[in-house]
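Colleague: Spelled out, the chains give:
Protein chains: 2
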Amino acid sequence: MHMSTEQIPDLPTEITPQSQDFGRWYIDVVRRAELADYSPVKGCMVIRPYGYAMWELIQQGLDRRFKATGHVNAYFPLFIPESLLMREAAHVEGFAPQVAWVTHGGNEKLEERLVVRPTSETIIGTMYAKWVQSWRDLPILINQWANVVRWEKVTRLFLRTTEFLWQEGHTAHETAEEAQEETLRMLAVYKDFAEQELAIPVVDGQKTDSEKFAGAERTYSIEALMRDGRALQAGTSHNLGQNFSKSYDIKFQARDKSVQYVHTTSWGVSTRLIGGVIMVHGDEGGLILPPRIAPYQVVIVPIPRGNWRETVLPRAQAIRDELVARGMRVFLDDRESQTPGWKFNEWEMRGVPLRLEIGPKDLEKSQVVLARRDTREKSFVPMDGLAGRVEELLAAIQRALYERALAFREEHTSTTDSYEEFKAIMEGRPGFVIAPWCGPAACEAAIKAETQATIRNIPFSSAPAAGKHCLKCGGAATAHAWFAKSY
Amino acid sequence: MHMSTEQIPDLPTEITPQSQDFGRWYIDVVRRAELADYSPVKGCMVIRPYGYAMWELIQQGLDRRFKATGHVNAYFPLFIPESLLMREAAHVEGFAPQVAWVTHGGNEKLEERLVVRPTSETIIGTMYAKWVQSWRDLPILINQWANVVRWEKVTRLFLRTTEFLWQEGHTAHETAEEAQEETLRMLAVYKDFAEQELAIPVVDGQKTDSEKFAGAERTYSIEALMRDGRALQAGTSHNLGQNFSKSYDIKFQARDKSVQYVHTTSWGVSTRLIGGVIMVHGDEGGLILPPRIAPYQVVIVPIPRGNWRETVLPRAQAIRDELVARGMRVFLDDRESQTPGWKFNEWEMRGVPLRLEIGPKDLEKSQVVLARRDTREKSFVPMDGLAGRVEELLAAIQRALYERALAFREEHTSTTDSYEEFKAIMEGRPGFVIAPWCGPAACEAAIKAETQATIRNIPFSSAPAAGKHCLKCGGAATAHAWFAKSY
Chain A
0 MHMSTEQIPD LPTEITPQSQ DFGRWYIDVV RRAELADYSP VKGCMVIRPY GYAMWELIQQ
60 GLDRRFKATG HVNAYFPLFI PESLLMREAA HVEGFAPQVA WVTHGGNEKL EERLVVRPTS
120 ETIIGTMYAK WVQSWRDLPI LINQWANVVR WEKVTRLFLR TTEFLWQEGH TAHETAEEAQ
180 EETLRMLAVY KDFAEQELAI PVVDGQKTDS EKFAGAERTY SIEALMRDGR ALQAGTSHNL
240 GQNFSKSYDI KFQARDKSVQ YVHTTSWGVS TRLIGGVIMV HGDEGGLILP PRIAPYQVVI
300 VPIPRGNWRE TVLPRAQAIR DELVARGMRV FLDDRESQTP GWKFNEWEMR GVPLRLEIGP
360 KDLEKSQVVL ARRDTREKSF VPMDGLAGRV EELLAAIQRA LYERALAFRE EHTSTTDSYE
420 EFKAIMEGRP GFVIAPWCGP AACEAAIKAE TQATIRNIPF SSAPAAGKHC LKCGGAATAH
480 AWFAKSY
Chain W
0 MHMSTEQIPD LPTEITPQSQ DFGRWYIDVV RRAELADYSP VKGCMVIRPY GYAMWELIQQ
60 GLDRRFKATG HVNAYFPLFI PESLLMREAA HVEGFAPQVA WVTHGGNEKL EERLVVRPTS
120 ETIIGTMYAK WVQSWRDLPI LINQWANVVR WEKVTRLFLR TTEFLWQEGH TAHETAEEAQ
180 EETLRMLAVY KDFAEQELAI PVVDGQKTDS EKFAGAERTY SIEALMRDGR ALQAGTSHNL
240 GQNFSKSYDI KFQARDKSVQ YVHTTSWGVS TRLIGGVIMV HGDEGGLILP PRIAPYQVVI
300 VPIPRGNWRE TVLPRAQAIR DELVARGMRV FLDDRESQTP GWKFNEWEMR GVPLRLEIGP
360 KDLEKSQVVL ARRDTREKSF VPMDGLAGRV EELLAAIQRA LYERALAFRE EHTSTTDSYE
420 EFKAIMEGRP GFVIAPWCGP AACEAAIKAE TQATIRNIPF SSAPAAGKHC LKCGGAATAH
480 AWFAKSY
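So the protein lines, in turn, are chains A and W.
All residue numbers for the first sequence refer to my numbering, where the first residue is 0 and numbers rise by one.
All residue numbers for the second sequence refer to my numbering, where the first residue is 0 and numbers rise by one.
Be aware that a few hints might be false.
All copies of an identical chain are treated as equivalent in the list; a pair is satisfied when it fits inside any one copy or across any two copies.
Unchecked claim - With a cut-off of at most 20 Å between alpha-carbon atoms, the simulated DMTMM-like pairs for lysine to aspartate or glutamate come out as follows:
id, residue 1, residue 2
1, Lys66, Glu55
2, Lys108, Glu81
3, Lys190, Asp203
4, Lys377, Glu390
5, Lys66, Asp320
6, Lys129, Asp9
7, Lys152, Glu111
8, Lys256, Glu173
9, Lys256, Asp136
10, Lys66, Glu177
11, Lys447, Glu426
Just so you know, the hints here were simulated from the structure itself, not pulled from any lab data.
Only a predicted model underlies this, so the values are computations on that prediction, with no experimental measurement involved.
Use the sequences and the hints to build the structure in full.
Modeller: In structure tokens, the structure reads:
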């Protein structure tokens, strides 16, 4: 069942070129950069400190936004009794095949099996039913940071693992309008977060019925394009309507004294975002991290010549202290066991946005060398005003990464009305393909079966499809859908 | 097996007096103040937003201290294969009887059962064995914030639940000396945190062999005294010696080129700390929260007379904004559905350290009323310089709570050499009893069987026991132990 410790492959010493095998490059980078590793438990990963530091920064950026939009955090049980999971029919159908079952506690067999939560609508809905009595108790705006488990057959570090970390928002509202507003508000929060913090441009829109969350009325997503031309669903927000409130009996006395079911939403993003960052920004040299979520934004490498410990090192320490005092995350790599060249390679591979080199000659000239990870440009910068210059460069790198990713997406987004052309694109140059589509699931399924491409979403910004014909069946198109092969 | 939603009792409307039934008072306060609630899963609790906000503040206070002492966070799998758990004999004996077993994933029976982690020494040790090659890779100083599961027969909200949240530090070192230093360093961090942030005085010392962590060489703890005279173990730090490194094969090439096993430690505190805060500081009126971990440090209650919305409310908002800008956590309770009297009671019950009242008459006099939760003192304070005065009062409350708790502990700590007196104390006035003890487990077990009292620890500050005789057997005493009935 599980991988024994001996079976976990050793860390790769070289990184497979991205151009040669993107999938291999990805795993090599994740492991060599010490973001994550395989574990002795099938499908479960270990998030190592460097990767977890990225997750902490992601958590902070999201949590701040959740609280600014009125949400609070709470924590609900890991286990869900089988009978409770089973109440919402569509939800059961979607999740029951992929859950882990707890059957024994201590030395005893349980009377009722427990599911390890794959998502928490059912247990949270049950509690809301106890807590909500009146319209005055609404809205409930709760988020949970938690681990969830989905029994996956094929796994890949960060992107698809049996256990993963995520946040799941669960809200309850008086009216359908408020629930819809909340659903879209949180999708907008995700888009803002992805673009501002992760420097990942995303397409926001609505999922088709066949790609909806199990039990939702409507699912919305943000979709990003990876450098291998595949799309990654980076976040979802669901309007659950009254499906769960009816199954879990979440009722309230309305303003008009009638008894109503609440309208609920849920929304989540996960550690998968780290995989997105790697695959959107990385290059042959390894990781490239956007400064806002880089565990170290600047690495300082002193050049060990002459009596550098008495001359260069104190200055390097003073620079580090000044940058840290201004709120930057800095690592001074003063290890004597490694050469500067080794350190340059190592920190480039690990994606640190900016390297600061300082040696005896620089001291004489009262300057340092700054090397950008994204462009690999090096420049001599005077000590005077250095901290301000570093801040400017970090901001410039953050912007440049976003713009480069946006340009890449635009270059890899095509529009076609022809199914023949569509198939050719999906076989050759990958990316998003925008095409008119008729609406029912049959055409979508046929396209997927023939090309592996799925409808990622119908973007809010999509051009009207009136007068257009479905790519597949030629019937009247209802929308321009964005197709791609996806993770 | 599980409690159906209908079986979860409704929230209590009144709080049982502390003097009448401390245990009932505790549960009433936890549920009425909306810190936590029962769930449909036996033994598992829901941590509600008000309680979770306390946990977030606890996390921040601890995480800052962990990072300041060189630790980083990571995340390891929830599941542990049975064969992996079984490698350390003492550890298995301690934990196997109280774990939850996953036997099925998806629709298939697993070839090997998985344990839901009760603690993570085994899975983390397995990874350390992969990561550590040389003395240069040491020390490893990792902490994990996680949920753990221990199948408990009798549970109590926050204090003992089947699932709980905690942090677990796991470190690996070159030498026994370094591991011992780390073990004591983290115990000191816990003591500092408990006293500075939670305002809970604690006794730090070493556990006896019979109370050690399963698999540890030495276990240290901090112990606090609750207002019912029972002790609560508030944090533990374990020196695991080479027990786990030998079982999980964590070896390294030492500086002298020999191959050695690392020396490991582990240390943890949990959501149980919230239970400690409630039982150390609370009174008949409900919760009393130390300002440093109070979700709201100040609640502002405007007095709704005349055209208060045009006059009082804007001033109340301005005060809130000023306090928030200075970093305080403030709630302005401007609900019109409730009277000021109701709000006074509500926020007193929920333990907010300071209430600020403001009405039309106060406006005329350019003053506000400040009411302390701990002493219930009310004072008129001029608007001029208000924020500074509020900060001073919060600091004074934090100090006063610590001092009151310390005085209570001192009043409830006795010293005796006589077993008859010891038994009388344990039946009557509860608290800590300091008594000489000979060392072996037999006397300790006999005392526990007869009085329910256990040795909480042997404090570092304990007076020497040379020439003293064991309380129970009269043999030569090896230490002055601190006994108490405990949670």
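Colleague: It remains to establish, for every hint, whether it holds in the given structure.
Modeller: Evaluation of the provided hints:
| no. | hint | in the structure |
| --- | --- | --- |
| 1 | Lys66 / Glu55 | both (16 Å within a copy, 13 Å between copies) |
| 2 | Lys108 / Glu81 | both (14 Å within a copy, 17 Å between copies) |
| 3 | Lys190 / Asp203 | within (7 Å within a copy, 49 Å between copies) |
| 4 | Lys377 / Glu390 | within (16 Å within a copy, 49 Å between copies) |
| 5 | Lys66 / Asp320 | between (31 Å within a copy, 17 Å between copies) |
| 6 | Lys129 / Asp9 | between (51 Å within a copy, 8 Å between copies) |
| 7 | Lys152 / Glu111 | between (26 Å within a copy, 16 Å between copies) |
| 8 | Lys256 / Glu173 | within (13 Å within a copy, 70 Å between copies) |
| 9 | Lys256 / Asp136 | within (14 Å within a copy, 67 Å between copies) |
| 10 | Lys66 / Glu177 | within (18 Å within a copy, 42 Å between copies) |
| 11 | Lys447 / Glu426 | within (13 Å within a copy, 75 Å between copies) |
Of the numbered hints stated above, none is contradicted by the structure.
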